[in-house]
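> Just so you know, the sequences run in chain order U and X. For the first sequence, counting from 1, position 133 maps to 133 in the working numbering; every step adds exactly one. For the second sequence, counting from 1, position 72 maps to 72 in the working numbering; every step adds exactly one.
Please keep in mind that the hints were generated in silico from the structure rather than gathered at the bench. Fair warning: there could be bad hints in the mix.
[Claimed, not checked] Computed spacing ranges between beta-carbons, pair by pair:
hint: 1; chain 1: X; residue 1: G190; chain 2: U; residue 2: G35; range: 15 to 25 Å
hint: 2; chain 1: X; residue 1: G63; chain 2: U; residue 2: S34; range: 53 to 63 Å
hint: 3; chain 1: U; residue 1: G19; chain 2: X; residue 2: S166; range: 15 to 25 Å
hint: 4; chain 1: X; residue 1: R89; chain 2: U; residue 2: Q8; range: 37 to 47 Å
[To be verified] Calculated from the model, a selection of chain X residues having no Cβ within reach of chain U, i.e. all distances over 10 Å:
hint: 5; residue: E5
hint: 6; residue: K27
hint: 7; residue: Q48
hint: 8; residue: S57
hint: 9; residue: D117
hint: 10; residue: N122
hint: 11; residue: E156
hint: 12; residue: L163
Where a beta carbon is used, it is the ideal one built from N, C-alpha and C, also for glycine.
Read off the chains here:
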Amino acid sequence: MKTTNHNQIHKKLIFYLEGQLAELERQQIEEHLSGCGRCAAYLNELKSTLLLLDENKMNEPGPYFYAGVKNRIQARRLKTAIFRRVLQPALLVLLLAMGVRFGVWVGNHTRIDLQSSEQAVLVPFDDLAEEPIEEFLLNLK
Amino acid sequence: MTDQELVQLITGGDDKAFQVLVEQHQKMVLHTCLGFVQDRDDAEDLAQEIFVELFHSLSKFRGDSKLSTWIYRIAVNRSLNFIRDNKRRRFFQSIGINLSGDEKVEVVDESWSSRPDFEVENDQRRTTLYKAINSLPERQRVAFTLSKLDDLSYQEIAEIMGLSISSVESLIHRSKLGLQKKLYQCYKKGI
């Protein structure tokens with residue numbers, strides 16, 4: 001067992017500490033650790049480090065935790081109310097004003113375009129000038 | 001009182017019922033946040049924000065899973081978002097752009113000089129441990145944190161993460177291997 005690769009042992013130490021190894025593997029590791037001071041020292045260090053994970057479970061919420069939550073809810077409600085009562089109408093008015101301004105701008109530009117472009121001249125088609133009605137009736141046959 | 005009854009009371013405007021819900025789950029939410037965030041004040045802030053979000057979205061709870069599972073899911077997502085935002089903020093600060101406008105002054109921690117050796121040693125161990133946990137891939141970190149820091153069963157973790165139990169087992173196994181490797185590297189450097 002003394003020839004067991006240290007790296008192989010290191011890989012299993014975390015599972016060894018959690019008791020997740022099969023009996024044979026556990027025995028092999030214990031045998032190695034009894035003869036290897038370096039791995040045993042690392043095991044102790046790993047154990048001390050992983051024990052720190054349990055510290056979190058001792059933390060309790062502060063005494064005013066619920067009061068804090070309620071305050072946040074009220075603050076958010078107030079923010080929403082301000083948005084609904086003041087900002088929302090203001091935004092709508094702004095949008096409306098921008099819409100009107102855009103409409104005016106589009107109108108002005110279209111007028112300028114119409115003035116600057118050559119207007120098409122509508123020439124009415126006058127049939128009677130080409131062929132008087134009497135001639136037309138005579139030719140009907 | 002069942003989860004559904006409690007939710008109905010809260011959505012109906014019963015403040016006492018909401019207080020019951022907060023008191024029942026505040027410890028669990030705080031521990032989950034602490035597992036990800038590691039700073040006590042940040043974790044408590046985050047936990048309170050989670051309950052605010054919960055209050056506003058309780059009407060969406062359909063009762064497909066246990067209420068606690070649903071709360072865990074929100075807590076994990078919010079914690080991960082918090083970490084991402086922090087990373088982004090740190091990145092912008094590192095390139096000289098301060099998004100929030102408030103500048104944090106770095107205070108050199110000299111408290112170690114007046115503390116017993118074992119406390120200083122534990123501080124170093126804690127830093128190494130959480131650095132190693134935080135460097136794990138996200139899903140491994142979530143599974144490991146819920147298992148080791150929140151003491152949840154594989155079944156519960158599978159429900160929270162929306163995975164099969166075998167996937168959770170595999171994630172936790174890989175997270176332990178990764179953690180072990182990183183801790184050993186730090187240990188070797190420290191010798």
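> Determine for every hint whether it applies to the structure shown.
Okay, the hints, checked on the actual structure:
{"no.": "1", "hint": "X:G190 / U:G35: 15 to 25 Å", "in the structure": "24 Å, holds"}
{"no.": "2", "hint": "X:G63 / U:S34: 53 to 63 Å", "in the structure": "55 Å, holds"}
{"no.": "3", "hint": "U:G19 / X:S166: 15 to 25 Å", "in the structure": "21 Å, holds"}
{"no.": "4", "hint": "X:R89 / U:Q8: 37 to 47 Å", "in the structure": "42 Å, holds"}
{"no.": "5", "hint": "E5", "in the structure": "20 Å, holds"}
{"no.": "6", "hint": "K27", "in the structure": "6 Å, violated"}
{"no.": "7", "hint": "Q48", "in the structure": "5 Å, violated"}
{"no.": "8", "hint": "S57", "in the structure": "12 Å, holds"}
{"no.": "9", "hint": "D117", "in the structure": "13 Å, holds"}
{"no.": "10", "hint": "N122", "in the structure": "7 Å, violated"}
{"no.": "11", "hint": "E156", "in the structure": "16 Å, holds"}
{"no.": "12", "hint": "L163", "in the structure": "20 Å, holds"}
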